[in-house]
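Under our numbering, the first residue of the sequence shown carries the number 102, and numbering increases by one thereafter.
Do not take every clue at face value.
[Stated by the list, open to error] Cβ pair distances, simulated, as ranges:
1. Phe-191 <-> Ala-270: 31 to 37 angstroms
2. Glu-247 <-> Gly-156: 22 to 28 angstroms
3. His-131 <-> Gly-286: 24 to 30 angstroms
4. Leu-263 <-> Gly-174: 43 to 49 angstroms
5. Asn-157 <-> Gly-123: 53 to 59 angstroms
6. Lys-201 <-> Gly-347: 19 to 25 angstroms
7. Asp-275 <-> Glu-372: 21 to 27 angstroms
8. Gly-238 <-> Arg-265: 32 to 38 angstroms
Calculated directly from the structure, the hints in this document are not laboratory data.
Where is the CB? At the ideal position from N, CA and C, for every residue including glycine.
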Amino acid sequence: MGYTDCRHYMNDRFYEDRFPDGSVVDEWFHDVHVPKLGELGRQYILTDYGINADGNIHTEQLQKLIDTAADNGGGVIVVPEGTYLTGALFFRQGVNLYVKADGMLKGSDDISDYPLIKTRIEGESCMYYAALINADGIDGFTMCGEGTIDGSGLRSWKSFWLRRSWNPACTNKDEQRARLVYISGCTNVTVAGLRLQNSQFWTNHIYKCSHVRYINCSIFSPRTPVKAPSTDAIDIDACSCVLIKGCRMEVNDDAVALKGGKGPWADEAPENGANQNIIIEDCTFGFCHGCLTCGSESVH
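Based on the sequences and whatever the hints tell you, model everything.
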């Protein structure tokens, strides 16, 4: 279901899609099926569990709901119509996320709602703030729907530029801010249909993952009236088999950035690695510093 045969015929001769190194493009890249809500398992609708669009931050209740779903065999956290506030959430095996049209999962703009954890940031493994959406070591994770995930970035953007005016050498990690989505050590990931916007820092960061699809997403951060610094749309970090298809990206930094480690000796560190078998197709780009950038961290 959802597969398109990657074999072709031209002038009655058979040929296959291939990567530049000559290896055949696996048919996985042609499977653009996006699961419907009913395919994602038991539904855990926020409002059924007392989580309401009331302007309060519901991190603890949301995390408890994710844990309950995981402990009961998995399912899908459903964000209905309305705006639901939260800090960092940690998804577990078997638990997916679906945001309905006119639904919004909105991150807190208070950095204290994002705990310090051992993570990967700017080509280094270190203690840093968790993202709004975190998934680690999961096989089969889906985030989809027609709704929005919003990082509430304005406060941190203003703080960054204020700090930069005081210290022109201020760089990314000098201002405390969270990424929107961080997916690490995962396989078979689908992110589809969502609007991912206003991240405080990088919008999507995938690290040491394989078989990840971003399909028909809209990824946005502004450049006026306040520039959203370093809000890369999708950072691919030491990953293999990644498909970015049909997405629109408009951010105040790089749209897609290929990363693999920090510094000129990055290839010697075991936590680093190459990106392999990446396909970006049928995407559109608004304002960005680069549609595709490669290796920016390795020169610093």
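Right, here's what the structure says about each hint:
no.	hint	result
1	Phe-191 <-> Ala-270: 31 to 37 angstroms	34 angstroms, holds
2	Glu-247 <-> Gly-156: 22 to 28 angstroms	23 angstroms, holds
3	His-131 <-> Gly-286: 24 to 30 angstroms	25 angstroms, holds
4	Leu-263 <-> Gly-174: 43 to 49 angstroms	48 angstroms, holds
5	Asn-157 <-> Gly-123: 53 to 59 angstroms	56 angstroms, holds
6	Lys-201 <-> Gly-347: 19 to 25 angstroms	20 angstroms, holds
7	Asp-275 <-> Glu-372: 21 to 27 angstroms	23 angstroms, holds
8	Gly-238 <-> Arg-265: 32 to 38 angstroms	36 angstroms, holds
Checked against the numbered hints listed earlier, the structure breaks none of them; every hint is satisfied.
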